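Undergrad: Sequence lines, in order, name chains A and B.
Letter 2 of the first sequence, counting from 1, is numbered 1 in numbering that gives the first Met the number 0, and no numbers are missing.
Letter 19 of the second sequence, counting from 1, is numbered 18 in numbering that gives the first Met the number 0, and no numbers are missing.
Some hints here could point you the wrong way.
With a straight-line Cα cutoff of 25 Å, these simulated BS3-like cross-link-like pairs (lysine-lysine) come out [unchecked claim]:
no.: 1; chain 1: B; residue 1: LYS48; chain 2: A; residue 2: LYS159
no.: 2; chain 1: B; residue 1: LYS43; chain 2: A; residue 2: LYS159
no.: 3; chain 1: B; residue 1: LYS43; chain 2: A; residue 2: LYS118
no.: 4; chain 1: B; residue 1: LYS43; chain 2: A; residue 2: LYS174
no.: 5; chain 1: B; residue 1: LYS48; chain 2: A; residue 2: LYS58
no.: 6; chain 1: A; residue 1: LYS125; chain 2: B; residue 2: LYS43
no.: 7; chain 1: A; residue 1: LYS159; chain 2: B; residue 2: LYS22
no.: 8; chain 1: A; residue 1: LYS113; chain 2: A; residue 2: LYS125
no.: 9; chain 1: A; residue 1: LYS58; chain 2: B; residue 2: LYS66
no.: 10; chain 1: B; residue 1: LYS66; chain 2: A; residue 2: LYS83
no.: 11; chain 1: A; residue 1: LYS27; chain 2: B; residue 2: LYS48
no.: 12; chain 1: B; residue 1: LYS66; chain 2: A; residue 2: LYS159
no.: 13; chain 1: B; residue 1: LYS64; chain 2: A; residue 2: LYS14
no.: 14; chain 1: A; residue 1: LYS112; chain 2: B; residue 2: LYS43
no.: 15; chain 1: A; residue 1: LYS28; chain 2: B; residue 2: LYS117
no.: 16; chain 1: A; residue 1: LYS14; chain 2: B; residue 2: LYS22
no.: 17; chain 1: A; residue 1: LYS28; chain 2: A; residue 2: LYS14
no.: 18; chain 1: B; residue 1: LYS22; chain 2: A; residue 2: LYS28
no.: 19; chain 1: B; residue 1: LYS64; chain 2: A; residue 2: LYS174
no.: 20; chain 1: B; residue 1: LYS43; chain 2: A; residue 2: LYS127
no.: 21; chain 1: A; residue 1: LYS29; chain 2: B; residue 2: LYS66
no.: 22; chain 1: A; residue 1: LYS139; chain 2: B; residue 2: LYS66
no.: 23; chain 1: A; residue 1: LYS159; chain 2: B; residue 2: LYS77
no.: 24; chain 1: B; residue 1: LYS64; chain 2: A; residue 2: LYS83
no.: 25; chain 1: A; residue 1: LYS13; chain 2: B; residue 2: LYS4
no.: 26; chain 1: A; residue 1: LYS27; chain 2: B; residue 2: LYS66
no.: 27; chain 1: A; residue 1: LYS159; chain 2: B; residue 2: LYS4
no.: 28; chain 1: A; residue 1: LYS13; chain 2: A; residue 2: LYS27
no.: 29; chain 1: A; residue 1: LYS14; chain 2: B; residue 2: LYS66
no.: 30; chain 1: B; residue 1: LYS48; chain 2: A; residue 2: LYS125
no.: 31; chain 1: B; residue 1: LYS64; chain 2: A; residue 2: LYS171
no.: 32; chain 1: A; residue 1: LYS127; chain 2: B; residue 2: LYS77
no.: 33; chain 1: B; residue 1: LYS22; chain 2: A; residue 2: LYS13
no.: 34; chain 1: A; residue 1: LYS58; chain 2: B; residue 2: LYS77
no.: 35; chain 1: A; residue 1: LYS27; chain 2: B; residue 2: LYS64
no.: 36; chain 1: A; residue 1: LYS139; chain 2: B; residue 2: LYS7
no.: 37; chain 1: B; residue 1: LYS77; chain 2: A; residue 2: LYS171
no.: 38; chain 1: A; residue 1: LYS171; chain 2: B; residue 2: LYS22
These are calculated hints, taken from the structure and not from any lab test.
On a predicted model such as this, the values are computed, not experimentally measured, just so you know.
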Amino acid sequence: MEEIDKNIILNCQKKDIGAFSQMYEFYKKKIYNLCLRMTGNYQDAEELTQDVFLIVWQKIGQFRFHSSISSWIYQIATNLCIDKARRAQKISFLPLTEAKAGKKESMDEILYKKEMELKLQNALNKLKPQHRIYIILRDKQGFTYSEIAQILRVNLGTVKSRINRARMQLVKELKEYKKGGK
Amino acid sequence: MDCQKARKNFSLYYDEQLTPSDKMEIEKHLSSCNSCAQEYLLWKENISKILEIPDYSVPNHLWLKIKDRIQRNRQRSKTFLFLISWRWAWVSIFIILILSSGLFINYKRNQQLVKNAKLADFLINDLKISTDEIMVVQNFSTVYDFLLEENDYLIDYLGEETEESLLEFLGKGGETDEAS
């Protein structure tokens, strides 16, 4: 994963809010979308993203460069997301309609995409949070197995088996959805 | 490799996490087993769809909210640190207040006891009032205040001469020349 400049981290540790805003800009989209896919809820995703960056701000002084800053930030984010997802009673997700500038899509294409997104998110929601996180980190955000092991603080073997199990369940949920059984 | 084992390894095969020999085995199986080959294609298609889930833009107001929370936390920390730095001072002040109150109460009580003793001594030795008569009023502090207000009942009880001496005594703050 791409890493932010070390000097920005050092300035954040000196409580430079300008440096911190750069750090925020660098990681915000990935963290926000991680939170969104884990909770399936825009409000929760916003709150969680705030919580993540607040903790990063408070604890950046404790970061000793033993791991990558990305792993460290993602550790914070994944812990909060899994906790929140576990506590959530019911997840209902509605895809936003985001029109991308300059791109013309037909109504059919937009509707298809929305339906696909809803289908995928519903299938994701059915997974346990501790399995869902593997799908998002690996298949959505593109982390390697060893990066995931570092983020979630598990060994490589655990990552392999959990990704396998999560994917098998996801495919099963998608098949069920297709059948119209759920 | 059988079908069950092949399907269990789809994930590792997809991510190229298999050993070369295992990879060769699964590829051999997929090339010979139509069902597993189809299953793998479907599996791969479903998993790759996850990548197609769109990423949303972060709401613009989020940074302002984060900055606001940082600011509020700073204020709270300052107040907390201020109280913490003064905590031993607060504890000391509290202890001093408790001790002072105790000493003051004790002093007042002692003063009252001294006054009462002097009054009793005066009544008994100077005015020759019997202890039985003094027992009319049980609480000497009440007697003292009582007399200061020139309560007629007790003055009448003691008699006019006694009243004069007593008032004189009280006027001097309850002092006697001697105690016998």
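Undergrad: Can the restraint linking A:LYS171 and B:LYS22 be considered satisfied, given a maximum Cα separation of 25 Å?
TA: Answer holds: A:LYS171 to B:LYS22 is near 24 Å, not above 25 Å.
Undergrad: Does B:LYS66 pair with A:LYS159 here, judged by a C-alpha cut-off of 25 Å?
TA: 39 Å, violated
Undergrad: Given the hinted pair B:LYS48 and A:LYS159, is their alpha-carbon gap at most 25 Å?
TA: 20 Å, holds
Undergrad: Does A:LYS27 sit within 25 Å of A:LYS13, going by the straight-line distance between their CA atoms?
TA: Since the Cα atoms of A:LYS13 and A:LYS27 sit roughly 21 Å apart, the hinted pair holds (cutoff 25 Å).
Undergrad: Against the 25 Å threshold, does the CA-CA distance of A:LYS139 and B:LYS66 hold or violate the hint?
TA: Since the Cα atoms of A:LYS139 and B:LYS66 sit roughly 29 Å apart, the hinted pair is violated (cutoff 25 Å).
Undergrad: Quick one, are A:LYS112 and B:LYS43 close enough, alpha carbons at most 25 Å?
TA: Roughly 19 Å separates the two Cα atoms, so the pair holds.
Undergrad: Verify the proposed pairing of B:LYS22 with A:LYS13, using a straight-line Cα cut of 25 Å.
TA: Outside the cut-off at roughly 50 Å; violated.
Undergrad: Given the hint that A:LYS159 pairs with B:LYS4, does the C-alpha gap stay at or below 25 Å?
TA: With a Cα-Cα distance of about 15 Å, the restraint between A:LYS159 and B:LYS4 holds, given a limit of 25 Å.
Undergrad: CA of A:LYS159 to CA of B:LYS22, is that 25 Å or under?
TA: Holds - the C-alpha atoms of B:LYS22 and A:LYS159 are around 15 Å apart, at most 25 Å.
Undergrad: When you check the alpha-carbon spacing of A:LYS28 and A:LYS14, does it fall within 25 Å?
TA: Holds. A:LYS28 to A:LYS14 sits at ~22 Å (cutoff 25 Å).
Undergrad: For the pair supplied as a hint, A:LYS14 and B:LYS22, is the alpha-carbon distance within the 25 Å limit?
TA: 50 Å, violated
Undergrad: Is B:LYS43 close enough to A:LYS127, meaning Cα to Cα at most 25 Å?
TA: Holds, at roughly 21 Å.
Going down the numbered hints, you'll see the structure goes against 5, 12, 15, 16, 18, 19, 22, 23, 25, 31, 32, 33 and 37, while the others check out.
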